[in-house]
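If you read the protein sequences in the order shown, they are chains A and B. If you use numbering that gives the first Met the number 0, the first sequence closes out at 84, no skipped numbers anywhere. If you use numbering that gives the first Met the number 0, the second sequence closes out at 146, no skipped numbers anywhere.
Some clues are possibly wrong.
One-sided excerpt, in silico: chain B residues whose CB lies under 7 Å from chain A [to be verified]:
| # | residue |
| --- | --- |
| 1 | 37 |
| 2 | 44 |
| 3 | 45 |
| 4 | 103 |
| 5 | 104 |
| 6 | 107 |
| 7 | 110 |
Here are the in silico distance ranges between beta carbons for each label pair [to be verified]:
| # | chain 1 | residue 1 | chain 2 | residue 2 | range |
| --- | --- | --- | --- | --- | --- |
| 8 | A | 44 | B | 88 | 26 to 34 Å |
| 9 | B | 34 | A | 74 | 29 to 37 Å |
| 10 | A | 17 | B | 5 | 25 to 33 Å |
| 11 | A | 47 | B | 109 | 27 to 35 Å |
| 12 | A | 52 | B | 121 | 48 to 56 Å |
| 13 | B | 132 | A | 49 | 40 to 48 Å |
A few chain B positions that, by computed beta-carbon distances, are all more than 12 Å from chain A [said to hold, decoys possible]:
| # | residue |
| --- | --- |
| 14 | 3 |
| 15 | 6 |
| 16 | 24 |
| 17 | 41 |
| 18 | 61 |
| 19 | 73 |
| 20 | 75 |
| 21 | 82 |
| 22 | 123 |
Hints listed in this document are in silico derivations from the structure and should not be mistaken for laboratory results. Virtual Cβ for every residue (Gly too), placed ideally from N, Cα, C.
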Amino acid sequence: MSSSTKVRDILAPLFQEYNKAIIVDLSGVSYIDSSGIVTLVEELQWSHSSQNKFRLVSLTPGVKDVFEITRLLTVFDTKEEALVG
Amino acid sequence: MSQPIKLSIPSHPKYLGLIRKVLQELLDYHKTPEETERHLILCVDEACSNVIKHGYGGPCEEPIEATFHIDSDDFKVQIRDYGKQCDSSQIKPRCVNEIKPGGLGTHFINEIMDDVSYCTERVKGTLFTMAKKLKRELTSAQEKNKE
């Protein structure tokens, strides 16, 4: 909850500054709550409207678990190959 | 465990990590399966976040009291606040296809816990109770490990 605003503040300008894929490495994130999920969904929606790609990589078990409860894993691109190319 | 474990934190998101850590220690002590542990911690964290957002209207220094009861089979947590009383008829889990701020935490709680109740029969605040049968979780985790 306390980090969601910071994440939003970091990611939002990237969509305006870069016209490329944005890859979020979650390997250092052991815990995510509903506000974190909502933040990432907002960024995904933003990426759709700006036609940028938005990918999540290296999901830890704790984070993957929460995504599974929301049944949102299929909505996000979480392929590790996203880092290549 | 005969004695409940009580913890009181100020209603600010910076203290949510503390409540998560205490609960993790407690569940580790009771050899709760890792996945169940993560789910219960998520529910308690979401319930406390709801108190901060809705009960107290934002981060402040008002008390949130958590009482954990763990017996061999049962996990129960009571979250007490002294803020704005909630109208349980107005609490609706957000459909997962419609992700917007608000309601997703309640969806997690309803999805994970067996019993959830709100009690506002007091002068101030709400007593929120969540319960889950641990034995069922333990059995399904053991079956998963056998596969």
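Hints, verified against the model:
no., hint, verdict
1, 37, "holds (5 Å)"
2, 44, "holds (6 Å)"
3, 45, "holds (6 Å)"
4, 103, "holds (4 Å)"
5, 104, "holds (4 Å)"
6, 107, "holds (6 Å)"
7, 110, "holds (6 Å)"
8, A:44 x B:88: 26 to 34 Å, "holds (30 Å)"
9, B:34 x A:74: 29 to 37 Å, "violated (22 Å)"
10, A:17 x B:5: 25 to 33 Å, "violated (49 Å)"
11, A:47 x B:109: 27 to 35 Å, "holds (28 Å)"
12, A:52 x B:121: 48 to 56 Å, "holds (51 Å)"
13, B:132 x A:49: 40 to 48 Å, "holds (46 Å)"
14, 3, "holds (24 Å)"
15, 6, "holds (17 Å)"
16, 24, "holds (15 Å)"
17, 41, "violated (6 Å)"
18, 61, "holds (16 Å)"
19, 73, "holds (22 Å)"
20, 75, "holds (21 Å)"
21, 82, "holds (16 Å)"
22, 123, "holds (23 Å)"
When held up to the earlier numbered hints, the structure conflicts with 9, 10, 17 and fits the remainder.
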